[in-house]
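A.B. asks: Heads up: the sequence lines are chains A and B, in that order.
Residue numbers are given in my numbering: position 11 of the first sequence equals residue 11, and the series is strictly consecutive.
Take any residue in the second sequence, count from 1 to its spot, add 1000: that is its number in my numbering.
Hint data in this document are derived by calculation from the structure and do not stem from the laboratory.
Some hints here could point you the wrong way.
Claimed, not checked - Calculated lysine to any residue pairs in the SDA-like style (CA-CA distance at most 20 Å, straight line): (1) A:100 to A:26; (2) A:100 to B:1058; (3) A:100 to B:1104.
Note that the structure is a prediction, hence the values are computed from the model and not measured.
Residue strings, one per chain:
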Amino acid sequence: AQSVAQPEDQVNVAEGNPLTVKCTYSVSGNPYLFWYVQYPNRGLQFLLKYITGDNLVKGSYGFEAEFNKSQTSFHLKKPSALVSDSALYFCAVRDGGFQKLVFGTGTRLLVSP
Amino acid sequence: SQTIHQWPATLVQPVGSPLSLECTVEGTSNPNLYWYRQAAGRGLQLLFYSVGIGQISSEVPQNLSASRPQDRQFILSSKKLLLSDSGFYLCAWSRFGTSGTSYEQYFGPGTRLTVT
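Turn these sequences into a full structure, and let the hints steer you where they fit.
C.D. replies: Here you go:
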């Protein structure tokens, strides 16, 4: 079965500093990977996805993610964090042919002023 | 553009009462539809998914059921709620695709269910 792991429950970063939220994956076949963000009491918002092609994927709100096949990782990054980036971030991988997704446990990002 | 609606936004129900949560999608046809439950503000558990009218696949055996009476309508139901059914319920849709494609899912605003 496909799976993703988010090793950090929480990431703390100061505003203006670069941020990284980690994700590793385990799949059979080609990985289809996604990042989502969730603000309190809201649904998830799609940030970006990796299907194939360039290892650096650019997404919404200045976020990008780096796909690394040898390390089986798909880390989310942003060059300069904003306080408004504080939220819960989920990594996900496609599981099966019906566009089902398997989500990680989530990483809470706290950006301090 | 596509929009996904869920209602109600919040619900407080006693143990043993029935449940009906509704999800509708606008601006697309023949979507895949999904119900998730999120407990304690963390991980998402896929409950049901549907690739067409009347076609429901269950991921986790429980006292919940789902139905898709129309192309863009997805309903989550229970005949008798349990305390453990409390949580944040999210509906999502994606484009219908084959195994060679991969489309992102788009989520609704969610329903916060508290069973007392």
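A.B. asks: If a hint holds in the structure, say so; if it does not, say that too.
C.D. replies: Now the hints, each set against the structure:
no. : hint            : verdict
1   : A:100 to A:26   : holds (15 Å)
2   : A:100 to B:1058 : holds (12 Å)
3   : A:100 to B:1104 : holds (9 Å)
No hint from the list above goes unmet by this structure.
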